[in-house]
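Asker: Protein sequences, first through last, are from chains Z and D. With this note's numbering applied, the first sequence has no gaps in its numbers, which climb one by one up to 438 at the end. With this note's numbering applied, the second sequence has no gaps in its numbers, which climb one by one up to 252 at the end.
Honestly, the hints are just simulated from the structure, not real lab data. Backbone N, C-alpha and C define an ideal beta-carbon position, used for all residues, glycine too. Honestly, I wouldn't trust all of these hints.
Here are the simulated distance ranges between beta carbons [unchecked claim]:
| # | chain 1 | residue 1 | chain 2 | residue 2 | range |
| --- | --- | --- | --- | --- | --- |
| 1 | Z | T251 | D | F10 | 19 to 27 Å |
| 2 | Z | N213 | D | V7 | 22 to 30 Å |
| 3 | Z | G254 | D | A64 | 51 to 59 Å |
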Amino acid sequence: MEISPDNIIIRQFGTVKLNATIVYTWIVMAVMVVGSWLITRRLSTETGFSRWQNLLEVLVTGIQSQIRAVSHQEAGQYLPFAGTLFLFIAVSNLLSIVPGYQAPTGSLSTTAALAICVFIAVPLFGISEKGLARYLKHYVRPTPLMLPFNILGELSRTVALAVRLFGNVMSATMIAAILLSVVPLFFPIVLQVLGLLTGLIQAYIFAVLAMVYIASATRAYKEREEKSEKGE
Amino acid sequence: MLIDWFTVFAQIINFLVLLFLLKRFLYGRIIDAMDKREEKIAARLCVADEKIAEAESEAENYRMKQAELEERRAHMLARAGEEAEALKRELTGRAREETAKLKEDWQESLAREKRSFLDDLRRKTAKEVFSIAGKALRDLSNQELEEHMVEVFLDRLCGLDSRMLKKLRESMQKSREEIAVVSAFEVPAGKRQRITRDIHEHVLKDVEVSYITDPDLLSGIELRAGEYIVGWNLRDYLRGMEREIEGLLKEKTVPEGEEKSE
Chain Z
207 MEISPDNIII RQFGTVKLNA TIVYTWIVMA VMVVGSWLIT RRLSTETGFS RWQNLLEVLV
267 TGIQSQIRAV SHQEAGQYLP FAGTLFLFIA VSNLLSIVPG YQAPTGSLST TAALAICVFI
327 AVPLFGISEK GLARYLKHYV RPTPLMLPFN ILGELSRTVA LAVRLFGNVM SATMIAAILL
387 SVVPLFFPIV LQVLGLLTGL IQAYIFAVLA MVYIASATRA YKEREEKSEK GE
Chain D
-9 MLIDWFTVFA QIINFLVLLF LLKRFLYGRI IDAMDKREEK IAARLCVADE KIAEAESEAE
51 NYRMKQAELE ERRAHMLARA GEEAEALKRE LTGRAREETA KLKEDWQESL AREKRSFLDD
111 LRRKTAKEVF SIAGKALRDL SNQELEEHMV EVFLDRLCGL DSRMLKKLRE SMQKSREEIA
171 VVSAFEVPAG KRQRITRDIH EHVLKDVEVS YITDPDLLSG IELRAGEYIV GWNLRDYLRG
231 MEREIEGLLK EKTVPEGEEK SE
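So that you can see chain D by itself, here it is in the shape it has in the complex:
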């Protein structure tokens, strides 16, 4: 008999026992371990996904920040460039202005110096001419000339027209005491009498005439009655000449100076 029923029964029991033991020691544990591992791997993958997402967002964030920085940098550079340009323009302008001002000042001072130099030159020239002329004329004057001068003065006094005489008289009446005959030389007594007489005859009677010697006149004689003056002297001539010479020199020099200063 190939089948031993006791053995069959025993084997069934054995199989069931084995089934139970393997279920306990093999399948349960292995499946449990695998499930746990799967869970862990899934969790790790999940974490990894999260981290990747986080990293990506972080990277995106950084990219944005970098772009922003780049933009800001470009902006700042542009602004700095503009500012530098503006500053350069301003400084250049200022320097130019200063240079122009300095040049102007320099030119002005140059012109001033020139003017003052020319003024000095003019004045000195005129003075020199004046003094030379004065000296020459003084040297020339002598008794004869002085007498002649007195004659000429008297002629002029006598030859005054009525309108002039009227003015002279009014002037004399206003300042009776100040009537004076001023001369560069000492008028001799005879001539003085004659002058006084002529004044009394032609101009106004009973007027006090005083005689003053003033070498500054250089040469000449004149009658002073307040504001009114009759007569002539070299000083006035020379002054007139001096004025003329000054005017002439001014005409000649000033335009030249102005041309250069421009």
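Just chain Z, same shape as in the assembly:
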């Protein structure tokens, strides 16, 4: 019993180990990209269109509305990032109903990678929105004394993102595995269903938190600047 799919080595080319995490990530990516390509290959701009297109449109508009609700900004530039986070985590988790599948999100490496992406994306969005100097200034606000705490906060929330997702997905897999050995019939199915739910919820939480961080990096300065412009 492996705690992480990282440890399942499928191929090894010298020092490069092709583990299950990467392979299943590719599978998930392939499913998503091919699915998207198949559906968006022939998009209808008329009022009548396919259910698959309808599904994608519902997803995209849902994500857009969530982004708008969280950030109070237009979804435009944040949609690919936040949307991909959500969709990738959601698909990764939902595919766990397929027997033999190992969710890549059950690997701390994957969640860490995603958290690192967020960690990098937040300042990038902030800088692109406000400029480098202004973005960096927020680390020394309200006083330069807060600088270490701000940095720590950034780091800790990144770690928290990674560990939260990993813990949830991994625990769901683990609980399923343990219950299979204790109560082999019916009960694991219920937990599996619960696992799907938590998987989706985690995907949502991860994406929304990422969006909140990004929003705080962009909007917070805006508000502060607006206040200072008003002479406060």
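Assemble the complex: chain Z is given as a structure, and chain D must be docked to it using the hints.
Answerer: For chain D alone, coordinates are given in the frame of chain Z:
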């Protein structure tokens, strides 16, 4: 170790690749399609709005036209009614006039006929009376009466007053040759001489007297000297009587006829 840094790196790359691919195949296309659809729907709604506005204006236009037509129709009906009424009045008036004229003509012709009938009746009656009287008188006349007539004529001639005589003489002098004694009967020669003598004695000497017999006088004898006439005859009496009778008949009939014609 739960974190394999190679895997982390690979996953970051994977995520970025996925991000790029999804951006290309999913978000961009879907949003594009939705925007296009929105545009189309907006355009259609716009067109629909335009069409609705157009339809409304058209409907308004038609309503106005209909109202106008209705008004015109009512107007035409009213005018037609008025014209019909006027025509009816005119025709009725004309018919009445014609009837009145016809009636008048009829009454007139009736009156005329009546008048002519009455005239005829009058004339015939008078003529008849006249001819009966003439016949009767002619039948009555005889020698004795004729002699008596001559006597009466002579008496009258001799009894003329001076003024009358003067007139008679003037008249005789004017038309000396036309002095004639006209009688209905043949005056006997003795009486002729006497008459001539009396004329010479009382009226004018040496005047030529001619004797003419005219049965039309019916009965009687007279002296004609130009315009002047002395004597008497039944014809004149009868003519006078005829005139009187005619006058009488006219009086009796004409007012009656006029009353009826009114």
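Asker: Taking the hints in turn, state whether each one holds.
Answerer: We went through each hint and held it up to the structure:
1. T251/Z x F10/D: 19 to 27 Å: holds, 24 Å
2. N213/Z x V7/D: 22 to 30 Å: Given a distance of about 24 Å, which is inside 22 to 30 Å, the answer is holds.
3. G254/Z x A64/D: 51 to 59 Å: This hint holds: roughly 52 Å between Cβ atoms.
Against the hints set out earlier in the document, no violation occurs for any number.
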